[in-house]
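Residue numbers (our numbering), protein chains in the order written: chain A, 1 to 268; chain B, 1 to 417.
By construction, these hints were calculated from the structure, which means they are not laboratory data.
Treat the hints loosely; a few may be bogus.
Said to hold, decoys possible - Pairs of lysine-lysine residues, derived as PhoX-like cross-links and limited to a Cα-Cα distance of at most 20 Å, are as follows:
#: 1; chain 1: B; residue 1: 271; chain 2: A; residue 2: 180
#: 2; chain 1: A; residue 1: 180; chain 2: B; residue 2: 213
#: 3; chain 1: B; residue 1: 213; chain 2: B; residue 2: 103
#: 4; chain 1: B; residue 1: 24; chain 2: B; residue 2: 103
#: 5; chain 1: B; residue 1: 24; chain 2: B; residue 2: 213
#: 6; chain 1: B; residue 1: 103; chain 2: B; residue 2: 128
#: 7; chain 1: B; residue 1: 24; chain 2: A; residue 2: 180
Keep in mind the model is a prediction, meaning the values are calculated, not measured.
Given next are the chains, with one letter for each unit.
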Amino acid sequence: MSTTSEAPQGEGPTRAVDPESTVSPHAGHRSLGGYLLMPLLLTGVLLLVWWSVSTRDLDAAEQGRLSFENIWSQTQGHLKLTAASTVLVLLIAIPVGIMLTRPFARPITPLAIAFFNIGQAVPTIGLLAIFAIAWGIGFTPAVVALAAYTTLPVVRNTMVGLRQVDASVIESARGMGMTKLAVLTRIELPLAVPVIMAGLRTALTINVGTATLGAFIGVDCLGTLIVSGFSGNRPYLSIIGGLLVAVLALLVDYVAGIAEERLRPRGL
Amino acid sequence: MSDTQPNIRQPRGGEAGTSTDGPKIEIRLENLAKRFPGQSEPAVDDLTMEIPQGEIVILVGPSGCGKTTTMKMINRIIEPSSGRIVLDGEDVTKVNPDQLRRKIGYVIQQIGLFPHQTIADNIATVPKLLGWEKKRISERIDELLEMVGMDPGRYRDRYPKELSGGQRQRVGVARAMSADPDVMLMDEPFGAIDPITRDRLQNEFLRLQEQIKKTIIFVTHDIDEAIKMGDRIAILGEQSRIAQFDTPERILVNPADDFVADFIGRGASLKRLSLSRVRDVELHQWPTTQEGTSHDEVRRLLEGSDKTAVLVLDEQRRPLSWVNADHLRRADSGRSLGRMGLPPDAVVQPNATLSDTLNEMLTARYSTAIVVDSTNAYQGIVDIDTINATVRSMREAEQGRLRGSGTGDVEPADEDG
Numbered sequence: 001m002s003t004t005s006e007a008p009q010g011e012g013p014t015r016a017v018d019p020e021s022t023v024s025p026h027a028g029h030r031s032l033g034g035y036l037l038m039p040l041l042l043t044g045v046l047l048l049v050w051w052s053v054s055t056r057d058l059d060a061a062e063q064g065r066l067s068f069e070n071i072w073s074q075t076q077g078h079l080k081l082t083a084a085s086t087v088l089v090l091l092i093a094i095p096v097g098i099m100l101t102r103p104f105a106r107p108i109t110p111l112a113i114a115f116f117n118i119g120q121a122v123p124t125i126g127l128l129a130i131f132a133i134a135w136g137i138g139f140t141p142a143v144v145a146l147a148a149y150t151t152l153p154v155v156r157n158t159m160v161g162l163r164q165v166d167a168s169v170i171e172s173a174r175g176m177g178m179t180k181l182a183v184l185t186r187i188e189l190p191l192a193v194p195v196i197m198a199g200l201r202t203a204l205t206i207n208v209g210t211a212t213l214g215a216f217i218g219v220d221c222l223g224t225l226i227v228s229g230f231s232g233n234r235p236y237l238s239i240i241g242g243l244l245v246a247v248l249a250l251l252v253d254y255v256a257g258i259a260e261e262r263l264r265p266r267g268l
Numbered sequence: 001m002s003d004t005q006p007n008i009r010q011p012r013g014g015e016a017g018t019s020t021d022g023p024k025i026e027i028r029l030e031n032l033a034k035r036f037p038g039q040s041e042p043a044v045d046d047l048t049m050e051i052p053q054g055e056i057v058i059l060v061g062p063s064g065c066g067k068t069t070t071m072k073m074i075n076r077i078i079e080p081s082s083g084r085i086v087l088d089g090e091d092v093t094k095v096n097p098d099q100l101r102r103k104i105g106y107v108i109q110q111i112g113l114f115p116h117q118t119i120a121d122n123i124a125t126v127p128k129l130l131g132w133e134k135k136r137i138s139e140r141i142d143e144l145l146e147m148v149g150m151d152p153g154r155y156r157d158r159y160p161k162e163l164s165g166g167q168r169q170r171v172g173v174a175r176a177m178s179a180d181p182d183v184m185l186m187d188e189p190f191g192a193i194d195p196i197t198r199d200r201l202q203n204e205f206l207r208l209q210e211q212i213k214k215t216i217i218f219v220t221h222d223i224d225e226a227i228k229m230g231d232r233i234a235i236l237g238e239q240s241r242i243a244q245f246d247t248p249e250r251i252l253v254n255p256a257d258d259f260v261a262d263f264i265g266r267g268a269s270l271k272r273l274s275l276s277r278v279r280d281v282e283l284h285q286w287p288t289t290q291e292g293t294s295h296d297e298v299r300r301l302l303e304g305s306d307k308t309a310v311l312v313l314d315e316q317r318r319p320l321s322w323v324n325a326d327h328l329r330r331a332d333s334g335r336s337l338g339r340m341g342l343p344p345d346a347v348v349q350p351n352a353t354l355s356d357t358l359n360e361m362l363t364a365r366y367s368t369a370i371v372v373d374s375t376n377a378y379q380g381i382v383d384i385d386t387i388n389a390t391v392r393s394m395r396e397a398e399q400g401r402l403r404g405s406g407t408g409d410v411e412p413a414d415e416d417g
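One chain only, chain B, in its complex shape:
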């Protein structure tokens, strides 16, 4: 019904003007304000924003800027002092908050799993509140656990304390999605997790979001996370004043003011590597061979190539190992190719960001990242030259913009080296 809403003020980067309707608005916050008793200044002052359906909108800003308060007003964990919240065309400012919350997924940094309940019971919380049948709940639990990459048979009956931090986070996400809400609120969901696991969870979540297309409000104080996760980013200043609300690309290219430019920090073009994904760049090829190939054939392949190793694939074209001439010399001739050589590290999927891919490849052999599709079948490789070329073209585009357009007060952005 909110299709009838007139102009959306924040068109998607690059698609401006292609459609007069723009995306459907899922959540509209109108003049939202929160004054806590005993504080002279409001925590959130007169915030109006529209959140399009199926997108991840990031609220990011310095600590104390009111971003968490803003998010918690949407499911009314914090009751707004004034203003309206319109969810899917319905004013929910005055409806029963418990009913409202059952329709909105909620993930917080500390996760807050119920320690005395099994993983299955934790996930079943909202479906039980909604009075689902037992069988349906049970099937949903299995489905969700698989969705977040945990074996239901193994984890259903465990207790939260028996899981690692990353697993708890997955269960937290599964629990928030249990009743398939259209809207999810996530308050620094990956904030308390070590960087490696966080990276992995972020990527998994993005992949999941491609399928589930939820409308997500995501709070973070980390601009890099915002750029990586967001379809749109709202950079908030004091009292949740919107300094800029736009796509990550446009915020990086064209910060609205000094506050935003400061907040993005240095290295904007490197940051933009988080915006480009492997599927956006041209893949290179590497000499590959099937597992059953004879050693002699592999030697010939190596001699005829400028590379020092071949990538061995199994029948489903999944990478098995790197094999070079030394490996062939040391192994007896009967040895299968997949059992020799070095394991393939730095394997990425097409939705990985170039920034992550660069990270992977810096520690990898042959300075390459192997690209596989969703069935883990080999697609090609990304090497350091690809990344270099991408950075160069971004920088050229930006320099061109700075020379050409008079947006003025932005510092020259070629500071990163």
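Next up, chain A with everything else stripped away, as it sits in the complex:
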């Protein structure tokens, strides 16, 4: 182990490689079995639902509600509502989260968090009622109410994601002459992606579930099936509707999970 003897070559000091250095950059990805498990499970549940519906004696009202066309259009409505509210959350929460982590916003951070907390603390059904009174029933108030409910977790995850970026990484970036904007877009945000994505995934999954409430203000979604089961005293409809929402929520979560893995920057 001589001090100065070694010719400059790659091997010299690399002998003591960190144990962590053996971790492959793809460590987060799962095996094929891991990818197939959830779709198989969900397909199984759907087959059970289909078997149950097709073997059961249905009256005319039930037949209409459980027709493939009806369920498909309600599923689409449900997804539209979920997607629209999630996009709205994205557009609000990520910029706000970024702003609240900038030094100039430090004084207003608690206030802003408190504001978004209200959105989450007030029951969504209450918000729906308020927005429906303000804007009338329909798609838009439902989207806004759902978004209000899930903005906070995304704001918070954006902030946490940005704050956990190693201060020395930011210092070295600034020290090399990267502008503040470049540090944000090329260093901080990419490094915050895993945490931000986790927040978005949570929001998305919550939104699939909460979107059922859209039925109360006239949005045609899977919630409509559940509500009609209650109002028409046909619990079977509610059960099928509930199962379908659950399957949809798990499916969306599964897809979001894959997106989360894929978007995670390599090297983390």
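Fit chain B to the supplied structure of chain A, relying on the hints for placement.
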């Protein structure tokens, strides 16, 4: 242009008066001060210093003395409250800080590599900011990786977490040098690395600096590192007040006050072993032989020598092994000399300090360090007697100084044994 600057106050040790111009000043700090909001005392108070071009200037001092703040004011990571920073004759106190920083290399203790970018992308950061062409950037990356001793083919596309601490540090240095800045700021760059790797990186860096001749401001709290790395050392007290700014030799021989003497600590003459390098001492010779030599000839060589082993060299005169009579007896006669015996440990180059060489040789066979040149060809050996003689002559010189000159308040320095 700052050649026109009049007297430099800190002449190089031993060369005082040889030139009226002195070295060119690269950085001048004028009455620099930093007051942080909410603190009654300034962190840095009225600091004026000149940093000559092409030298490593060490800022060293106890923790909290403001040395890091001082360094960070030079690239304005911390904005000075008052005072001026003059870089290469230009007042940069008010220029765009981002532009300024692209001209100054910056290495921090935690390195701060971008974990989501490959080594190549990390190194390319500043060249990209400066809008270099792709091809030029790519060539520069390879050049730098080779310069810091890492194989580009192997490491370019790796991620920081796949490297060891020492390798990350090398990449950090390569990244700071990417756009070939004249000035580099290094904040405890080797602070978070194990002692053996640190020693190696320090030596590599010194060797590199001999070629690149950057102007380097280097912050450390470790006086031994300061003595080893510095062309000049600024010992800083509270609020970055300069207690002494001079060459390591002169600081060790002639500390300005008790604070400096305290900070240097005991064992000043042993510390001075860090100042002498192998190339400064006379090398001794050891019996050597070429790899192809017959065993009988080696035996004759051993018998005719007062040493117990010969050093086997290959065709390029690189040390291969130590072979003694026992090795020859045990091996069959056809066996090549290079494949028997003991591996040559304690190999040093002429720029190694005597302190490092002593460390090496204490664990080595035959109490010698083998000296090789930059192509690893054998030059001679340094043994314990050489080191002893150096320590003795240093001590005699110091005792002579203490008897002769009346610098007074320095404790007698023959405390180390």
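Evaluation of the provided hints:
For the hint linking residue 271 of chain B to residue 180 of chain A, the alpha-carbon distance of about 44 Å lies beyond 20 Å, and the restraint is violated. Restraint check for residue 180 of chain A and residue 213 of chain B: not satisfied, since their Cα atoms lie roughly 31 Å apart, outside the 20 Å limit. Taking the CA atoms of residue 213 of chain B and residue 103 of chain B, the gap is about 15 Å. The hint holds against a cut of 20 Å. Annotation: proposed proximity of residue 24 of chain B to residue 103 of chain B holds, straight-line Cα distance about 18 Å (limit 20 Å).
Restraint check for residue 24 of chain B and residue 213 of chain B: satisfied, since their Cα atoms lie roughly 13 Å apart, inside the 20 Å limit. Distance check on the hinted pair: residue 103 of chain B and residue 128 of chain B sit about 13 Å apart at the alpha-carbon level, within 20 Å; holds. Distance check on the hinted pair: residue 24 of chain B and residue 180 of chain A sit about 34 Å apart at the alpha-carbon level, beyond 20 Å; violated.
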